[in-house]
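In the order they appear, the protein sequences are chains V and W. Numbering-wise, this note's numbering puts 269 at position 269 of the first sequence, and it's gapless, one number per residue. Numbering-wise, this note's numbering puts 24 at position 24 of the second sequence, and it's gapless, one number per residue.
None of these hints come from the bench; they were simulated from the model. Note that CB positions come from ideal geometry on N, CA and C, so glycine has one too. Just so you know, not all the hints are guaranteed correct.
Said to hold, decoys possible - Now the in silico label distances, taken between C-beta atoms and shown as ranges:
hint, chain 1, residue 1, chain 2, residue 2, range
1, V, A14, W, F164, 26 to 36 Å
2, V, A42, W, D209, 56 to 66 Å
3, W, F164, V, T56, 20 to 30 Å
4, W, P158, V, L24, 34 to 44 Å
5, V, K265, W, P13, 46 to 56 Å
6, W, Q211, V, G196, 22 to 32 Å
To be verified - With a straight-line cut-off of 35 Å between C-alpha atoms, the simulated DSBU-like cross-links for lysine-lysine are:
hint, chain 1, residue 1, chain 2, residue 2
7, V, K107, V, K187
8, V, K187, V, K169
9, V, K46, V, K117
10, V, K165, W, K213
11, W, K213, V, K12
12, V, K46, W, K213
13, V, K265, W, K169
14, V, K107, V, K169
Unchecked claim - Taking beta-carbon pairs under 7 Å as the criterion, some of the chain W residues facing chain V (in silico):
hint, residue
15, I6
16, V97
17, I99
18, A295
Below are the chains, spelled out letter by letter.
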Amino acid sequence: MAIVAQHSKFSKIAMPVLAWVVALIFFFPIFYMLLTSFKTDADAVKPEFLFSFTPTLENYTNMTDNYDYWRFASNSVITSVSATIFALVVGVPCAYAMAFDPSRGTKDILMWMLSTKMLPAAAVLYPMIFLTKSIGLFDTHFLVIMVLSLINLPIVIWMLFTYFKDIPKDIIEAGKMDGLNTWGEIKEILIPLAWGGIASTALLTFIFCWNEAYWTVRLTTIDAATLSKLIEGNRAPEGLFFGRLSAVSTAAVGPIVVLGWFCQKQLVQGLTFGAVK
Amino acid sequence: MSNRTIPRLLQTPAVLLLLFWMLVPLGMTLFFSFIRYFLNNTRRPEWTSPSIDNWRGFGNYQYAWNQDAFWLAIQNSLLIVCSILFLTVALGIAIAVLINRSFRGRGIVRVLLISPFFVMPAVNAVLWINMLLDPVLGLQGIAVANINDVILGLRDAPLVGGFFSLWPKFEPISFRATQTSAYAVIMMVTWQWTPFAVLIFMTSLQSEDQQQKEAAVLDGAGAWSQFRFLTLPHLGRPIAIVVMIQAIFHLSLYAEIEIVSRGNGNKNLPYYIGELVNNNIGAASATGIFAVILANIVAIFLLRMVGKTLME
Chain V
1 MAIVAQHSKF
11 SKIAMPVLAW
21 VVALIFFFPI
31 FYMLLTSFKT
41 DADAVKPEFL
51 FSFTPTLENY
61 TNMTDNYDYW
71 RFASNSVITS
81 VSATIFALVV
91 GVPCAYAMAF
101 DPSRGTKDIL
111 MWMLSTKMLP
121 AAAVLYPMIF
131 LTKSIGLFDT
141 HFLVIMVLSL
151 INLPIVIWML
161 FTYFKDIPKD
171 IIEAGKMDGL
181 NTWGEIKEIL
191 IPLAWGGIAS
201 TALLTFIFCW
211 NEAYWTVRLT
221 TIDAATLSKL
231 IEGNRAPEGL
241 FFGRLSAVST
251 AAVGPIVVLG
261 WFCQKQLVQG
271 LTFGAVK
Chain W
1 MSNRTIPRLL
11 QTPAVLLLLF
21 WMLVPLGMTL
31 FFSFIRYFLN
41 NTRRPEWTSP
51 SIDNWRGFGN
61 YQYAWNQDAF
71 WLAIQNSLLI
81 VCSILFLTVA
91 LGIAIAVLIN
101 RSFRGRGIVR
111 VLLISPFFVM
121 PAVNAVLWIN
131 MLLDPVLGLQ
141 GIAVANINDV
151 ILGLRDAPLV
161 GGFFSLWPKF
171 EPISFRATQT
181 SAYAVIMMVT
191 WQWTPFAVLI
201 FMTSLQSEDQ
211 QQKEAAVLDG
221 AGAWSQFRFL
231 TLPHLGRPIA
241 IVVMIQAIFH
251 LSLYAEIEIV
261 SRGNGNKNLP
271 YYIGELVNNN
281 IGAASATGIF
291 AVILANIVAI
301 FLLRMVGKTL
311 ME
């Protein structure tokens, strides 16, 4: 306990205070956005109403009229949920085979998959526009779902692989002895055992899909446009609409931020591929 | 049936999908990079469709290589990525050490700190450039105006008035301008990704060997040398991972740059290619291939650095 004794005064008072200050500074922009979302557009740009103002809900009630929010939001939900499910359906069997039946090439395949994440999206932008326009997929839900799941597939497989690796092989072997086929092993043994890992992979993939802002902006116009596209299209350079812009922004990020609070721990294990514990 | 068949079959869909995703568009980019191909060209309408007859050899590469904007874009990409990496790692370590010990409300502090990471990039950019950094209507403008008012008031004060009358009037900075927009992007992305670094470093610090630290204290090691010789080496692997994952994400920054300035001055490589795609597909593709090469250099370097630790 020598450490505690050594700088007890500093660590007991100054460090927590400093930690709180830093945390409040980091949270402040989000708080300020939330605050502004309850101001009218006129009040939002007046310094005298910075922190004292008459709160109003009109920005939220007018969200549909101002921005057609729910159409974009439902596109975001449809594409993110479907892309997450598709990535898991493809990723779980793949990671299962890699974790329990590794061959000499498994490591290379895993590394190659990770390296596809580093392929600059901009380099293949025009071919994607060209291809999807010529086969009529441009600005469709199907396209957005496929692109979102493919860009996340490497991370999904990596995350699942690191979770599956920790499951003892004997359990799967025992399943084989009991006469289970591969599908049975996955369904009866793997999924119940790795349920937590699969759930947190799904949660993180969903968050990444929801926040994606390159392909969803460049490969959609109206029909399949997501919330990223909505915000990007309404950047309001003259600052005339701070109130309503804050409301729609808050609505777009609120659910995800709250969801994120619940999966901090999984985020660490997932994003570092289990290398930091 | 050989016992290798089933594992291979299970991996096939994922591998094929990723192969297709990687090879088909990239193959097309490669083809376009060797032909003359414009979306609008009234003088030479035959160049407006992709055809092998418009073969240009390495002409597009030469053209792309000789553009000042290309080198500026690479410079900007590197400036933005390296600044963000440096800031997030430094801030991340400092904050992680700060909140490593338990104190009252630590759980809430963690929740507040991690929140920016989940804000979607488009919202992040709109929020910062409008509501925080706008030189007139944003908090920056309001703060600068208030500081100027205070100084103006102090000029009439007894004793210190003479001192304050020497102070200049502060001017707010416009972050939509050519030179400053990159700094706005660096600021907002650092705000978003520092929490990520904090989270990972904090997790890693939890597993630090406390007995070793106590032994160091008994040997008379101060706080700084404990940090320098015990904590920092312990953080080596997490730092490598934070750098790798962020490099993957930040080399392709797009929404932030689009929203801050529409690429006015601080184009990075993805943004520059995105502009070329509006007309000159040949040059855009050649530039894209350069981007792929650059990304590969970075990737080889990073995977070497991190790959081994991931496989343990």
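Comparing the hints with the structure gives:
1. V:A14 x W:F164: 26 to 36 Å: Once the Cβ atoms are compared, 31 Å apart, the range 26 to 36 Å for F164 of chain W and A14 of chain V holds.
2. V:A42 x W:D209: 56 to 66 Å: 59 Å, holds
3. W:F164 x V:T56: 20 to 30 Å: Given about 40 Å between the Cβ atoms, the range is violated.
4. W:P158 x V:L24: 34 to 44 Å: Given range 34 to 44 Å: holds, Cβ gap about 36 Å.
5. V:K265 x W:P13: 46 to 56 Å: 30 Å, violated
6. W:Q211 x V:G196: 22 to 32 Å: 31 Å, holds
7. V:K107 x V:K187: 25 Å, holds
8. V:K187 x V:K169: 16 Å, holds
9. V:K46 x V:K117: 44 Å, violated
10. V:K165 x W:K213: Answer holds: K165 of chain V to K213 of chain W is near 32 Å, not above 35 Å.
11. W:K213 x V:K12: 19 Å, holds
12. V:K46 x W:K213: This hinted pair is violated, its Cα atoms lying about 53 Å apart.
13. V:K265 x W:K169: With Cα atoms ~48 Å apart, K265 of chain V and K169 of chain W exceed 35 Å; violated.
14. V:K107 x V:K169: 18 Å, holds
15. I6: With a closest approach of 5 Å, the I6 of chain W hint holds.
16. V97: 9 Å, violated
17. I99: Since chain V brings a Cβ to about 5 Å from I99 of chain W, closer than 7 Å, the hint holds.
18. A295: Hint holds; A295 of chain W Cβ to chain V Cβ min 5 Å, cut 7 Å.
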